[in-house]
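J.: Sequence:
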Amino acid sequence: MSQTITLIKDKILSDNYFTLRNITYDLTRRNGEVIRHKREVYDRGNGATILLYNSTKKTVVLVRQFRVATWVNGNQDGMLIETCAGPA
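Position one of the sequence shown corresponds to residue -14 (the numbering used here), numbered consecutively onward.
For the record, the hints were derived by calculation from the structure and aren't laboratory data.
Quick reminder that beta carbons are idealized off the backbone N, C-alpha and C, glycines included.
Treat each hint with caution, since some may be false.
What follows is a list of derived Cβ distance ranges for each label pair [unchecked claim]:
| hint | residue 1 | residue 2 | range |
| --- | --- | --- | --- |
| 1 | Gly59 | Ile(-10) | 18 to 26 Å |
| 2 | Lys42 | Thr13 | 35 to 43 Å |
| 3 | Arg21 | Lys42 | 28 to 36 Å |
| 4 | Thr(-11) | Gly59 | 35 to 43 Å |
As a list, the in silico SDA-like pairs of lysine to any residue whose alpha-carbon atoms are at most 25 Å apart [said to hold, decoys possible]:
| hint | residue 1 | residue 2 |
| --- | --- | --- |
| 5 | Lys42 | Asp11 |
| 6 | Lys(-6) | Glu25 |
| 7 | Lys(-6) | Ala33 |
| 8 | Lys(-6) | Arg29 |
| 9 | Lys23 | Val46 |
| 10 | Lys23 | Asp11 |
| 11 | Lys23 | Leu12 |
| 12 | Lys(-4) | Val45 |
| 13 | Lys(-4) | Tyr10 |
| 14 | Lys(-4) | Lys42 |
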């Protein structure tokens, strides 16, 4: 028997710029044990990223972007170095 997941509750907490949901689900383990989990899920939709490689220079292309979550958590300028990405 493989693990199965059963959705118990899906409540939208916020539907502003993205969607924040409160999800309750049961995880049935391989041995038959059922464990209930509650999680907050931040749904930003689907996305994709690419790692651009310049074979002549042997370098990759990265971007530097402000991320408010890192700033709130102590990153002085809130900037991160990332791969190029966006909505899929």
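J.: Does each hint fit the structure? Answer for all of them.
T.: Evaluation of the provided hints:
1. Gly59 x Ile(-10): 18 to 26 Å: 34 Å Cβ-Cβ, so the 18 to 26 Å window is violated.
2. Lys42 x Thr13: 35 to 43 Å: violated, 52 Å
3. Arg21 x Lys42: 28 to 36 Å: violated, 52 Å
4. Thr(-11) x Gly59: 35 to 43 Å: Holds: the Cβ-Cβ distance is about 40 Å, inside 35 to 43 Å.
5. Lys42 x Asp11: violated, 51 Å
6. Lys(-6) x Glu25: holds, 12 Å
7. Lys(-6) x Ala33: Violated - the C-alpha atoms of Ala33 and Lys(-6) are around 28 Å apart, more than 25 Å.
8. Lys(-6) x Arg29: holds, 19 Å
9. Lys23 x Val46: The hint is violated at about 39 Å.
10. Lys23 x Asp11: holds, 9 Å
11. Lys23 x Leu12: holds, 11 Å
12. Lys(-4) x Val45: violated, 41 Å
13. Lys(-4) x Tyr10: Measuring from Cα to Cα gives roughly 12 Å; hence the hint holds.
14. Lys(-4) x Lys42: violated, 50 Å
Of the hints listed earlier, those the structure fails to meet are numbers 1, 2, 3, 5, 7, 9, 12 and 14, in rising order.
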